[in-house]
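Those protein sequences? They're chains A and B, same order as listed. Counting in this note's numbering, the first sequence runs from 88 upward without gaps. Counting in this note's numbering, the second sequence runs from 88 upward without gaps.
It should be emphasised that the hints constitute simulated quantities derived from the structure, not laboratory data. All C-beta atoms, glycine included, are put in the ideal place defined by N, C-alpha and C. Treat the hints with care, as some may be off.
[As the list claims (entries may be wrong)] If the Cβ cut is set under 7 Å, some of the chain B residues that face chain A in the computed set are:
(1) 88
(2) 90
(3) 91
(4) 93
(5) 103
(6) 104
(7) 105
(8) 146
(9) 150
(10) 211
(11) 217
Protein chains: 2
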Amino acid sequence: MAILEPTVRAGETWALPRDWTREAALALAYWRSPLLESWVADRGDDSSRDVVGTYFLRPAQLGPGSHVGNAGYMVRPDAWGQGVASAIRDHSIARARERRFTAIQFNFVLSTNDRAIALWTRKGFRVIGRSPGAYMHARLGPVDSLIMHRPA
Amino acid sequence: MAILEPTVRAGETWALPRDWTREAALALAYWRSPLLESWVADRGDDSSRDVVGTYFLRPAQLGPGSHVGNAGYMVRPDAWGQGVASAIRDHSIARARERRFTAIQFNFVLSTNDRAIALWTRKGFRVIGRSPGAYMHARLGPVDSLIMHRPA
């Protein structure tokens, strides 16, 4: 919740209710669905772990669509700018290969999220689609979301 | 299951396991999730109902993405070519407006599914994205999937 809460409250990156609660998140089995695996990035040692980021990886679709991976990432806002996002990005790409996914696809990258777009573009993701006005940005109103993709 | 079973067994349109069972479908609460509403198209009268098609409608995303609708459609193969798909398409568009969705988006229309693409294009849906090789078609191997969209 230390990661999820500030992220959803801001209403600028994720399509999750801004007033989401721990209970609602757990009820939906969000980030802990049996269909996905989740990872955390921590700092410190066994006596003092500080979780600063997380991502999930899952098949983008079932059955004949399950060879493509889908992932979602969050970094605790007070740890931004310290390389956490790059670290979990690279881990997820390696993990997707290990799981024999042939590609990774993101379904909902906000067109206003320059930080994220740069993060993905640097590793060869490209935009394969754009959904007009798909997100009601807390400050900017309706903004487009992008579908991004790269071979794994 | 009379609709779902032949559809998934064919492996040519839906990203669902070809060997999917009734039990697996129910375990995933597929088509009956609390987040979606489902409709059926039937023929006949109260003494003899024949369900020939179904669709679901749900918010495409949560929270700031919940103003866009997402839907999925299936017609029992032995009822193809009889206007069922057009009927549930039109019902779903009217229903999306009623629910004040500002747009409808499909995330996974196979590029080989000419029947579906024509059905949507005739009602103003347009392609806003293409995912390369996202579907392992039972006869054709890897084929692209399309993201299609229209204002509601």
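Here's how the hints hold up against the structure:
{"no.": "1", "hint": "88", "verdict": "violated, 16 Å"}
{"no.": "2", "hint": "90", "verdict": "violated, 16 Å"}
{"no.": "3", "hint": "91", "verdict": "violated, 12 Å"}
{"no.": "4", "hint": "93", "verdict": "violated, 15 Å"}
{"no.": "5", "hint": "103", "verdict": "holds, 5 Å"}
{"no.": "6", "hint": "104", "verdict": "holds, 4 Å"}
{"no.": "7", "hint": "105", "verdict": "holds, 6 Å"}
{"no.": "8", "hint": "146", "verdict": "violated, 9 Å"}
{"no.": "9", "hint": "150", "verdict": "holds, 4 Å"}
{"no.": "10", "hint": "211", "verdict": "violated, 14 Å"}
{"no.": "11", "hint": "217", "verdict": "holds, 6 Å"}
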